[in-house]
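Asks: Now for the letters of each chain:
2 protein chains.
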Amino acid sequence: MDDAAGNYDVMNNVVIPTPGAPDPRAQNSLRQSWEMNYQEAAIYLQEGENNDKFFTHPRNANALSAYLFAHNHLFYVMELLTAVLLMLLSLSEAPAVPFLRLDVYVHASLELLALAMVAFELCMKLRWLGFHTFIRHKRTMVKACVLFIQFIEAIVVLVRQTSHLRVTRALRPIFLVDCRYCGAVRRNLRQIFQSLPPFIDILLLLLFFMVIFAILGFCLFSANTADPYFSTLENSIVSLFVLLTTANFPDVMMPAYSKNRWSCIFFIVYLSIELYFIMNLLLAVVFDTFNGVEKMKFKSLLLHKRSAIEHAFQLLVTRQRPDGVCLKQFDGLMRFYRPRMTARDRFLTFKALNHSGATMLSLQDFYKFYEVIGLKWKARRIGEHWFDDLPRTAFLILKGINLLVKSKAFQYAMYLVVAINGIWILVETNMLNDGVSWTHVVPWSYIVFLTIYGVEVLLKITGLGPLTYFSSGWNLFDFSVTVFAFLGLIALAFDMEPFYFIVVLRPFQLLRLFKIKQRYRNVLDTMFELFPRMASLGLTLIIFYYSFAIVGMEFFADVVYPNCCNTSTVAESYRQINVTIGNQTVLKEGYYYLNNFNNILSSFVTLFELTVVNNWYITMEGVTSQTTHWSRLYFMTFYIVTMVVMTIIVAFILDAFVFRMNYSRKNREPLDDPEDEKGIVFETEVSQTEALQTLDMYKHTLGITNLSSLQDMCVALERSGHSSLVFLGRRSRTKSDLSMKMYEEEIQEWYEEYSRTNLQPDETFHRELDSPEASATNSIN
Amino acid sequence: MDDAAGNYDVMNNVVIPTPGAPDPRAQNSLRQSWEMNYQEAAIYLQEGENNDKFFTHPRNANALSAYLFAHNHLFYVMELLTAVLLMLLSLSEAPAVPFLRLDVYVHASLELLALAMVAFELCMKLRWLGFHTFIRHKRTMVKACVLFIQFIEAIVVLVRQTSHLRVTRALRPIFLVDCRYCGAVRRNLRQIFQSLPPFIDILLLLLFFMVIFAILGFCLFSANTADPYFSTLENSIVSLFVLLTTANFPDVMMPAYSKNRWSCIFFIVYLSIELYFIMNLLLAVVFDTFNGVEKMKFKSLLLHKRSAIEHAFQLLVTRQRPDGVCLKQFDGLMRFYRPRMTARDRFLTFKALNHSGATMLSLQDFYKFYEVIGLKWKARRIGEHWFDDLPRTAFLILKGINLLVKSKAFQYAMYLVVAINGIWILVETNMLNDGVSWTHVVPWSYIVFLTIYGVEVLLKITGLGPLTYFSSGWNLFDFSVTVFAFLGLIALAFDMEPFYFIVVLRPFQLLRLFKIKQRYRNVLDTMFELFPRMASLGLTLIIFYYSFAIVGMEFFADVVYPNCCNTSTVAESYRQINVTIGNQTVLKEGYYYLNNFNNILSSFVTLFELTVVNNWYITMEGVTSQTTHWSRLYFMTFYIVTMVVMTIIVAFILDAFVFRMNYSRKNREPLDDPEDEKGIVFETEVSQTEALQTLDMYKHTLGITNLSSLQDMCVALERSGHSSLVFLGRRSRTKSDLSMKMYEEEIQEWYEEYSRTNLQPDETFHRELDSPEASATNSIN
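Protein sequences, first through last, are from chains A and B.
So for the first sequence, the numbering used here puts the first residue at 1; every next one is plus one.
So for the second sequence, the numbering used here puts the first residue at 782; every next one is plus one.
Since the hints were derived computationally from the structure, they do not count as laboratory data.
Glycine is no exception: its CB is placed at the ideal position from the N, C-alpha and C atoms.
Check before you lean on any hint, since a few could be wrong.
[Claimed, not checked] SDA-like mimics (lysine to any residue), calculated; alpha carbons at most 25 Å apart, straight line:
| # | chain 1 | residue 1 | chain 2 | residue 2 |
| --- | --- | --- | --- | --- |
| 1 | B | Lys919 | B | Glu1075 |
| 2 | A | Lys378 | A | Thr689 |
| 3 | B | Lys1078 | A | Asn50 |
| 4 | A | Lys735 | B | Asn1072 |
| 5 | A | Lys259 | B | Gln1145 |
| 6 | A | Lys368 | A | Asn50 |
| 7 | A | Lys259 | B | Thr1249 |
| 8 | A | Lys53 | A | Ser65 |
| 9 | B | Lys834 | B | Gln1145 |
| 10 | B | Lys1298 | A | Pro197 |
| 11 | B | Lys1080 | B | Asp1146 |
| 12 | B | Lys1296 | A | Ile200 |
| 13 | B | Lys1076 | A | Tyr663 |
| 14 | B | Lys1076 | A | Asn662 |
| 15 | B | Lys1189 | B | Asp1169 |
| 16 | A | Lys259 | B | Leu872 |
| 17 | A | Lys517 | B | Leu1063 |
| 18 | B | Lys1516 | B | Glu1534 |
| 19 | B | Lys1040 | A | Tyr561 |
| 20 | A | Lys259 | B | Arg1356 |
| 21 | A | Lys138 | A | Arg186 |
| 22 | B | Lys1296 | A | Leu89 |
| 23 | B | Lys1298 | A | Asn291 |
[Unchecked claim] Some residues of chain B that are not near chain A, with every Cβ distance over 10 Å (derived):
| # | residue |
| --- | --- |
| 24 | Arg908 |
| 25 | Val940 |
| 26 | Cys960 |
| 27 | Gln972 |
| 28 | Met1077 |
| 29 | Ser1489 |
Let the sequences and hints guide you as you build the complete structure.
Replies: Next comes the structure, spelled out in structure tokens:
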């Protein structure tokens, strides 16, 4: 590496061996130059894939080594683990989860360790980016500042041996967000911030109406002394804010309503305007912005990738043939870009890209790089069934099973069994209403149904072959549910208490019924397609939760407890006391003291309750009565923040589904094509002579030794007896593929616009070398 | 009419006077035939406008007279009043509103009377449609059946002198829905029913998960005796149904959570799946269906109108010139179609249609009929200001005022005043926190601000002229708010208590601030554009409310009262008693007994509370504890029905706004064009000679006497001194206009498809007559 690094700064001083020089040193230097070109092209393609801006492209040898150090999975994992460790520390810090409490010096030392690691990571980044680029990179700068503060605080904690008010811990998620693996979260956050301006406008409208109505309500109802909700202007505003969330609804109206029945009009008008109109408007505006942002994001990603491909292409062409990349260069690139890829797959990827059939890849071919790169290659099975090669008797039996499990009758019989099972569970559970001792007795129906499911699974596996069986998501689901049920049975039989919960999962078998209807299949398929995105949205939400939880813990830890809030209007919900009603004495338990900020886990649950909104004001009023009025600000801010995130989530789900449905309408795709036909499939045919030639070339010209995959291919070709073999490359379909089809026409416009503005690719990276063969030939001559 | 009616059945036996026959009887008959053609064409156009199917087109003289009887505003109003009367009767029937109670024989007689009127209306319809069409018309048949049942029940009530269980009253809204004026409600209902199938699919998914989780919850939590929510399977299902609405949220979790902190996972997973995923899916599916339905509806309306125009056109062309309609025929048509329209406006409408400038309207011209028909015509003002004709001094002063009120500075000064006023009100109200005696004292600030607003209004009216001033919605708003404030001041000054509420409306002045920002103007404009549709959706909701209120009253009237539900889990909310807590004795008032079904007004309020959803289970459990478990079915059904309607409303608002925003993006319309430029504007230039010719033609050829409007036009032309005058036709923009632009390309496709399938307009109505002039000429010769 060091040797190569010495030559790396060739961006401008191109090393051009004089043609026809037989000098082996020159040839060696040419090979090194090519290796460096491959590597740089691979880096460009990686930057395109990760949406890294090109201004962070490493510019010299030091930068390159730092770049390579900071861009591998080991480093990423370390980055992630450090960030997660920092966040998890709050489990053991001051208001700690009881069974995870650590001494101050332990958790402070751990924190210092983690922070040191973050600092080390930042140093690597500084080295790679250079100082100027480093301070231009906003996110990194913010991270550096936060790191600095945290460092000082951690040292203070260690010195004082006690935690002070550390609200800055709420900034810890920044380390997580900055991780390479959390790119999706960053994108979500960006999208949330982009949707904010219109959101805030409508929010102001909402709050404005709220204030107007608060003044009105105060004027109308404050004369009624039995009405605590409008006694002061502040109460009036708080009541109407809570009413916005409907959490106090009929109650807030009742005192006024009992005095004058017409006062309900005030509340009906308020709710109609605020809840049913402006809130929906909010959704509409966010939805609209979201749509636009999604499209823009797709466009910029697409153009960035295109630009990365162009950069890489320029690095791969030879001076002799400036408009094509041959297999040799491509292979060189791929060895850097995907070091784990086998020679066979590199060859097949090249073939898949090579649409025109020429020996070189044109730029047009190369544009498809990102579509082809994720494919998993497999030779097409020639036989129809997995058991084609078995002896006659076995073949007939298996063929019979195959026909059976593929028949409609078998399918519907299974649905029937599942339905009966469902009804059975319902009836059985209903009959057990008094005592639930049944977990210790295995009901015979359980065994019967489980046997049926077991037999079904076995039949399907033997009939379809394990590979085909497990390639379908639904079959996997069936299989795992059945296996779980078996495990549950074993747990019951051997009386292993902690596993009883598995038995309880029985009703999930019923989900299989949803395969029957087309719409459900669509819904569930879309759900699975959306799952990664949903998960990243969930993670984003958790990051917000974390920050709020820290702030909540710093200010409200241990403020609520049973019978704490007797001065507030919600005292009832915290009361735990014997109450005399008439002549009876009853223990009344107000459970709300459980919704506290005593440790981070409790805080998360409390925040989830606040997200669900119902009765959130009880928690708010409880805490407020024990602290100050300003605590309400925390709860109201949290409400608005979750409203933003939730609206985005709703907009996302709406957008995704409407998009999917439009897509299927536009492409008149039935959407019920057999499951194994889903995803993106490329086909490539390799003839025997071609395979042998390639093997030969790899062996002699490139001098690569690890060619077992190519050799296997040649052997397979020979054995099959056919002159050629078809390979299928598959990958699952992503939203980007759908978008490509949806925006087909616009994409052409974008490309044209893009090539108009970028007519001349900038020249800094344009470094043409002689083709290696040419120089080899030269040196031979 | 009778005379004409004798000839009406000319559909097939066309009365064709032999050309060249000078016989005055023949000429007279020809004129009658023309009149009949005009009338039938007008009926076709009306049917096109109202989206009446052509199979209800009157086919003979009796049908025609019945049709004419049943199609005028008097009849429509009667229809509406009868339906409203029938619905209002429930105010005075059995569980009556106290101050509106009527004796049984009074309201039963009123009901019989109203039903008799409905019967009469139905008879007219039968006469018009004929028996065969009548029973093919589903809505009418349903109405007839309901009428029959109601009749019998009303008689039974009269005979027994007491109301029995009359759930069928819930069907009364059918009479309202069937009214001509409630077409929008019918459309909404149709749209709701069309969105139902996908909605129900997803609803089943929702309920399915609910049942699975209910079984799980029962298994997990029923062992905990302190947990009333999961003690039986039924309780478990009900708890999770209520949890779906979040109404019982943290409470339902608390007993389990206090026992084992990990049990919160069950609830978090349940809410994440059901509330945050499937509920949003529901919205997505309804939104998608709604989009499709809206487009289909627009398409079918458009093609229906086109077909109506074609039918009418065929009736208006003469045999001599089968491809054009001249002014004479058009005028004849308009006299039937819009009897109130002046001759000038008929002429101008003809000119507006006549795009090609020829003397005849081609079918292509005539296709624009519905776009042009609603225009209000006005001569374009030649002067810039209303005061141009005033003497010099007055002109200068008014010009100054005009410039002042149009200046940005004036505008922003007013915004500043409003903002100060807003802050003032807030501060003032906040300082009055203790007692609200201020309604009896006029604060001086009120008078100061009111004076400023008054001066502003006067300046604007004088500066812009009353016509320009009042043509802007915002000015109208300013004006009415100011006038209201003045009325409030007067009410205060003269101590008229019932009008104090006007003073309270003061803060609405602040709404003027929203003019500043573009987005708010858009939002409010869109809101006003959508208002008619929103109102019809509201009416649809009220119809559902009415039916549910009747059912509720029949079953649950007077079941809840203070301290009624001591056996239920929600006893607290109904308790009104002195409670001893510790050592204190407090009067606890549970107001929920006010949420009852004791009369129709209370029922409406209760149903609104159920719509808002929060704490709805308290009402449900209260009623259930006093009646049977099956009462829950009523409340759950109501929840699902309102969920459907509310989802539709959300989808509607979403769709409307997204549509509007797409529209403005697509047309690159700045959306902030001056207010008076909004709406649809047609221009038509009339020269002096043309005007005189037309007047002449009207006088002599058509023999119409009421020509004052045309004469006025001629006079105005002469006075203006110009050789021609431009007339502007304006109307406000409807959603249909927006759709026309949005679907421009698709519309062409629809038309082509339509003309392929309808190449030959069916011939039954095709009745060409000689041109009246031709025959007149003939008769003269």
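Asks: None of the hints should be skipped; say for each whether it holds.
Replies: Taking the hints in turn, this is what the structure says about them:
1. At most 25 Å may separate the alpha-carbon atoms for a hinted pair to count; Lys919(B) and Glu1075(B) meet this at roughly 23 Å.
2. Taking the CA atoms of Lys378(A) and Thr689(A), the gap is about 19 Å. The hint holds against a cut of 25 Å.
3. The straight-line distance between the Cα atoms of Lys1078(B) and Asn50(A) is roughly 46 Å, outside the 25 Å bound, and the hint therefore fails.
4. A C-alpha spacing of about 22 Å is found between Lys735(A) and Asn1072(B), which places the hinted pair at or below 25 Å, so the restraint holds.
5. At roughly 65 Å between alpha-carbon atoms, Lys259(A) and Gln1145(B) are farther apart than 25 Å, so this suggested pair is violated.
6. Between the alpha carbons of Lys368(A) and Asn50(A) the distance comes to roughly 16 Å, so the proposed pair stays at or under 25 Å and holds.
7. Pair hint Lys259(A) plus Thr1249(B) does not hold up; C-alpha atoms about 46 Å apart against a cutoff of 25 Å.
8. Under the criterion of a C-alpha separation no larger than 25 Å, the hint pairing Lys53(A) with Ser65(A) is consistent with the structure, at around 18 Å.
9. Distance hint between Lys834(B) and Gln1145(B) is fulfilled; the C-alpha atoms sit about 23 Å from each other, no more than 25 Å.
10. For the proposed pair Lys1298(B) and Pro197(A), the alpha carbon gap of about 13 Å is at most 25 Å, so the pair holds.
11. The suggested pairing of Lys1080(B) with Asp1146(B) holds, with an alpha-carbon distance near 20 Å, which does not exceed 25 Å.
12. Simply put, Lys1296(B) and Ile200(A) have alpha-carbon atoms about 17 Å apart, close enough for the 25 Å limit, and the pair holds.
13. Distance check on the hinted pair: Lys1076(B) and Tyr663(A) sit about 17 Å apart at the alpha-carbon level, within 25 Å; holds.
14. Using a Cα cut-off of 25 Å, the hinted pair Lys1076(B) and Asn662(A) holds, with the two alpha carbons roughly 14 Å apart.
15. Restraint check for Lys1189(B) and Asp1169(B): the C-alpha separation of about 23 Å stays at or below 25 Å, so the hint holds.
16. Distance restraint check for Lys259(A) and Leu872(B): the Cα-Cα separation of roughly 21 Å lies within the 25 Å cut-off, and the hinted pair is therefore satisfied.
17. The suggested pairing of Lys517(A) with Leu1063(B) holds, with an alpha-carbon distance near 16 Å, which does not exceed 25 Å.
18. For the proposed pair Lys1516(B) and Glu1534(B), the alpha carbon gap of about 24 Å is at most 25 Å, so the pair holds.
19. The suggested pairing of Lys1040(B) with Tyr561(A) holds, with an alpha-carbon distance near 16 Å, which does not exceed 25 Å.
20. A threshold of 25 Å between alpha carbons decides the hint, and for Lys259(A) with Arg1356(B) the separation of about 18 Å falls inside it, so the pair holds.
21. At most 25 Å may separate the alpha-carbon atoms for a hinted pair to count; Lys138(A) and Arg186(A) meet this at roughly 13 Å.
22. Taken as a hint, the Lys1296(B) and Leu89(A) pair is broken in the structure, with Cα atoms around 51 Å apart against an allowance of 25 Å.
23. For the hint pairing Lys1298(B) with Asn291(A), the CA-to-CA distance comes to about 23 Å; that is within 25 Å, so the pair holds.
24. Distance to chain A confirms Arg908(B) as a non-interface residue, since its nearest Cβ pair spans about 43 Å, more than 10 Å.
25. Separation of Val940(B) from chain A is adequate, the least Cβ-Cβ distance of about 35 Å exceeding the 10 Å criterion.
26. Every beta carbon of chain A lies more than 10 Å from that of Cys960(B), the smallest distance being close to 24 Å; the non-interface claim holds.
27. Every C-beta of chain A lies more than 10 Å from that of Gln972(B), the closest at about 17 Å, which supports listing it as non-interface.
28. Non-interface status of Met1077(B) relative to chain A is upheld: no Cβ of that chain comes within 10 Å, the nearest being about 13 Å off.
29. The non-interface label for Ser1489(B) is consistent with chain A: the shortest C-beta to C-beta separation is roughly 47 Å, beyond 10 Å.
Of the numbered hints given earlier, the model fails hints 3, 5, 7, 22; all others are met.
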